[in-house]
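Start from the sequences and build out the full structure, keeping to the hints where you can.
Next come the chains, spelled out residue by residue.
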Amino acid sequence: MIVLVLFVLALLAPLAAPAPLAAQRPSLPQPGVLRVCADPDNMPLSNEKGEGFENKIAELIAKEWKSELRYAWWPVRRGFFARALNGRYCDIAIEAPGGLDIAAVTKPYYRSGYFFVSRKDHNLADMTSLDDPRLKKLMIGIHLLNSDAENAPPAMALSRHGVVGNLKGYNTFYSDINRPEAIVDAVANKEVDVAIVWGPLAGYFVKQSKVPLVMVPLAERDSLVDYPFRFNIAMGVRRRDRELRDSLNTVLAKRAPEIQAILDQYAVPHFPVQEERGDGR
Amino acid sequence: MNRSTKKLLSGTLVAGLSLALAASAEAQQAARSGAWTLNAPEGEWHMTGRDYSLQRFSPLKQITTANVMDLRPVWSFSTGTLRGHEGNPLVIGNMMYVHTSFPNIVYALDISKPGAPQVWKYVPNQSPDAIPIACCDLVNRGLAYHPSGKIYIQLLQGELLALDAKTGKELWKAKHPETSGAGTEATGYKQGATMTNAPIVIKDVVIAGISGGEFGVRGRVSAFNASTGKHMWTAYSTGPDNEVMISGDANANYASHKGKDLGVSTWQGDEWKRGGGTTWGWYSYDPDLNLFYYSTGNPGSWNPDQRPGDNKWSMTIFARNPETGQAKWAYQMTPHDEWDYDGVNENVLFESGGQKLLAHFDRNGIGYTLDRTNGKVIVAKPFGPVNWTKGVNLTTGVPDKDPKYGTTAKRNTEGICPAAIGFKDQQPSAYSPMTGFFYVPANNICMDYEGVEVKYTAGQPYVGAIVRMFPGPGGNRGRFIAWDPMKGSVVWEIKENLAAYGGALTTAGGLVFYGTMEGWLKAVDQKTGKVLWAYKTPSGIIGNPMTYNGPDGQQYVAVLSGIGGWAGIGVAAGIGAEDPTAGLGALGAFGDAGQFSTQGGVLTVFALKNMAPPAGR
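Chains as they are written, first to last, in the working numbering: chain B, 1 to 281; chain X, 1 to 617.
Check the hints yourself; a few may be wrong.
Stated by the list, open to error - In silico EDC-like pairs for lysine to aspartate or glutamate, Cα to Cα no more than 16 Å straight-line:
1. X:K258 x X:D241
2. B:K168 x X:D484
3. X:K166 x X:E178
4. X:K381 x X:D484
5. X:K190 x B:D41
6. B:K107 x B:D246
7. X:K166 x X:D110
8. X:K113 x X:D552
9. X:K190 x B:D176
Hint data in this document are derived by calculation from the structure and do not stem from the laboratory.
As structure tokens, then:
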């Protein structure tokens, strides 16, 4: 790790303006400091201004531990856990799915899922599963996550249901031209008939929409594929940091009402947590 | 090893043979005009593969199979950066130009003086926010040179940069165009696009590529005026014929390559707009045919089930006119990719029996020999234990896929060979006109593509395949092979513990050089595959050895070490073997690379005799 520290310093020294990453470098956890990895531009989860619900939850934990909150800003993309968390730029990721393999996770603190989002006047509120024959004829908006065989479960499942081609992909690589709200706006603007969106994004942007929209959760299980459409969400730490994980479990239990209140404030739709294999490892 | 080698080489038979071989090599090289090397003197190296053919062959023969055991390091240079070092330096006159991994520093060193002191250093002002965008370590594959005295490098954050070769002063910066007929295009790291490959200079045109298929970047190559940086043309890898710059049939030899707008009709909906097919490999050029050659990467963004069709023109070798960008022909190697077998590897130009040919060793494990005038496949044979295909049908040009080893979201697939990293990745092969063989640094890695693992990205959980890589048959993770491109067969083979992830160099001295991930630079007899000499450099080698004549008349061999790249991402980014699926599965195969090598960019230069010591003060 010392080698890495020197590397980053040497690398950044000649740069004129210190950019966000300049302030952060891999190091060991420090007492009295809560180091959180978060995306600088990914509402409603987090942003650099601290406006997301992950920011609010991080603040709550820092307050509980009387620690200084320090962010390592890192876009939540491929490599977020491997490079940012396991690479010791930070010690905690506020969200990690319960079944995640690459890091250790706390006990789940909420559960959400994928939702159909459509215009209220389109009368699609009775659509609850990918078996619905209307899906073959409608234009469907869906997130593109990564490359081959790595996509949102509904996107993977749609091909099993023979829904191929009438999909419009929305990038999750957020930039000046790709915004998190684009997939929900597309429903409002009639670019697509129905969008399939991860709950926290759907809830937050549907609430803000000027056009009345409806959200319907996909059923817990699909008729054709064996992967889930709902996920427990926990916090992520490095596998070896078991004590930190246990401390987080304590604070999650103690501050559960406040955390639920934050989620509600951001209109995050959530279901009761269901025990699953791999939770709290 | 040295002692037995000496004994072997003292035989007059061997010495006589190598003399005869050297003579035929000269004859062949003499047939090429100066246009192939930018009129470089024999002892210089003006472009990434020494000449446009990308043969990586040097006519220098001071260092031979008979004296290579006396080769010794004579000077070395720390590049000042730690991440993976791919590519090789250029030598032009008394100057050596060295590039580094991010932030892509360029150094000019004066090789006429003892120890090759630095003449200038250029540090590009690059945003560290580009770091998380890079797919597989923060590499750069090298520089290009224009005889008017300019050096070019592509910066990770998405810019092509021109420098004054004498002073290192920045002359101009250029980017790919921001819009196309399809709308807004990603041009920089803020949109997921990066640049890592070595540009090519042809006449007064500089051609640059793009990386970032993982972020849905639409692949393309763009040409710029070498003096001003003014944009000339852009040819996309997907989309309608006018944007791919195809007129008529892309390849008259194959029915599957005939028809209009195949770059749209072989996709579903508008997925071609983010269809991948990036262009981060090595580019070659035939001055006689006035065609430049490159190939494109994997199709982007959907699981294979969700993009039925051939997904043209991903995984495709293109021959284009460098001034207009118009394609002369295209050949798609892996239609409808299911394995991430990027087709970007180098296309090496060579001749045999009067035919103008091109060889390509693909990630998919097939060694191709094509007629480079028309894109017809002449030989297509596996150079490793391939099982995804039963072979390429030479009549249709299409591989016969074995459904047993297909990957879909529908089921688990075990034991696919090769793995996504390919039986060969970016590490460029070399050709020797003396033997007529290719020398190919190869990986021997297979994979399981199984089940669904819960992952998390962009603020949502998703399911992804668990890609777990492991050593292929034999248990060795790398191979260095000699390949007969006309027979399509392996001539000899050296097994390597780790992948042979650095490039190769052939010389008229009868030698072939290559590096290993442990850091060994090896010199091998081209004919027999016998290792005659080896030296352990400070870090793993993923760069390409090159050779030049110093102003003192000595032949030197130079190589960049500095572990990293996809195979070395674990060491470079500090990820351990605890997660075998990290680094896109590479950690499963190379999790222990850290035991064999540590980080650090160093250029090591070798010669038969030490350089003159510097004068005291």
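Legend entry - Indices of hints not satisfied (ascending): Result: hints 2, 3 break, sorted rising.
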